[in-house]
Amino acid sequence: MKWNATRRSDPAVLVAVTAICVGELALAQTPPCDALTPEQQQAKQAVFAALHPYDGCDATFEQCLAKKPVSPVVLRLASDICRQVKAGRGKQEIEHGLAKRAQSALAMGKPSAIAIDSGTLAGDPQAPVQVVVYACVRCPYCRVVIPILHREVTEGSLKGKARLYFRQFPLKDHQGSTEGGLALVAASRLGGFWPYMLKIYERYDVYCPKLLPDWAAETGLDKAALEGLVADPKTREFLVASKQEGIRNKVTATPTLFIDGHKYLYDMQSEVIIDVLHEVYEARSAAK
Amino acid sequence: MRGMRWAIALRDAAAIVAGCALVALVFNAVRGDGIPLVQKEEYQILVPCPETMGDATALAPDAPALRSPRALVVDARPAAEFERWHTASALNVPYDYLEPTPPAVIQRIAASGAAEVIVYGDGADPDSGEQLARELSGKGIRNVSYVTGGAAALQKGAPSGGQP
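These protein sequences, in sequence, are chains A and B.
Reminder that position 175 of the first sequence reads as 175 in the numbering used here, one-by-one numbering, no gaps.
Reminder that position 126 of the second sequence reads as 1126 in the numbering used here, one-by-one numbering, no gaps.
Simulated from the structure, these hints should not be mistaken for laboratory data.
Misleading hints may appear alongside valid ones.
[As the list claims (entries may be wrong)] Simulated pairs of lysine-lysine, DSS-like, Cα-Cα distance not exceeding 30 Å:
(1) A:Lys199 with A:Lys100
(2) B:Lys1139 with A:Lys210
(3) B:Lys1139 with A:Lys250
Isolated chain A (complex conformation) (with noise of 0.2 Å):
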């Protein structure tokens, strides 16, 4: 009798199955929605039952990704919860979290004022999102994150779409910060920021204000020049002039990224800055 019942295709059966098929090819996209176990694939549903995506889809998560094709803002984001429930966090902490990434990936409210230094970009001059990062030369998360995003958009996933600047934020609990920050406002000057930033967040272990002139010498700058440069008081007003800049725009923290001028509010981890970030140029070319 049940085979029977089964036997003759309900529509309803049929919509439902068709429904979840169409949900998990959807999330078959979303690889860190695979690696959950059981119970966090139980924590994720409900998630998904009861969140909204904050673009790309006016439902709930779990009615956009049925819904055919699925927006690829959706689907980052229901990567970016999986990655969350994952981690351990809660429906209110996702929920919190997604209200933070909201703010950082859509452009809202007037941006904040900062003086980009030329000298300090990476990445394609043309590329459309703009990422400046404050940071401190003796600060060891930023010593993973930055050449982490500098890779990324000079020959990585993000080149061409993304551009970096560097500005200044040296912190007064990390010795030997304002040596660092004179030598790297220099360095900018002598038109070698890069490679000289590079090698003094590879040798973060052994660094000593002493060395830095000989460091700037093997990636190729002129030695006598950058000190020449770093004994100049303007060199230091202009390294004040950007820790002041940070704190008009409330940095209180090194590294703090600004997306096309407005401030990242999100998870620092590098792979979730570099996913915000495709998400904010996939807007960019989907509004042109």
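We have chain A; now place chain B onto it with these hints.
Only chain B this time, still in chain A's reference frame:
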């Protein structure tokens, strides 16, 4: 005989530790979200580095607290500007955006016995007075406030044009 007792005590202790470890391992294996015995993913221990800043209260230039004998008034402007004008009994601690305030100066403020520390600076954006006040607060000085508008606002309000 005494050595024998020690050996027994050690044996019992080892048995208890081994028993506890076994119970813990079994419990960890049985529970749904047990702690992995081998960490397969790298721990994310790095976090953005904050500038050490504490809370400081904004104070109007005509606040009565500025005239309190129990308040220590600090001028955060450069020495040359301090020489030109400062409030009576103000202590000059020039604020540096790059270098931390010397520990000896913080020690001196802490040892002053003042019930409140009031800082004024250049009144610019950012205001050196607010920045110094927040740095002092972050370094453990209590009841720190700053004058909004800085020295310029104080000078405007001073009937005699200042008290050098």
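Hints and how they fare:
Taking the CA atoms of Lys199 of chain A and Lys100 of chain A, the gap is near 33 Å; set against the 30 Å cutoff, the hint is violated. For the suggested pair Lys1139 of chain B and Lys210 of chain A, the alpha carbons sit about 28 Å apart, so the restraint of at most 30 Å is met. For the given pair, Lys1139 of chain B sits about 20 Å from Lys250 of chain A by alpha-carbon distance, which is consistent with the 30 Å threshold.
Consistency note: the structure conflicts with earlier hint 1 alone.
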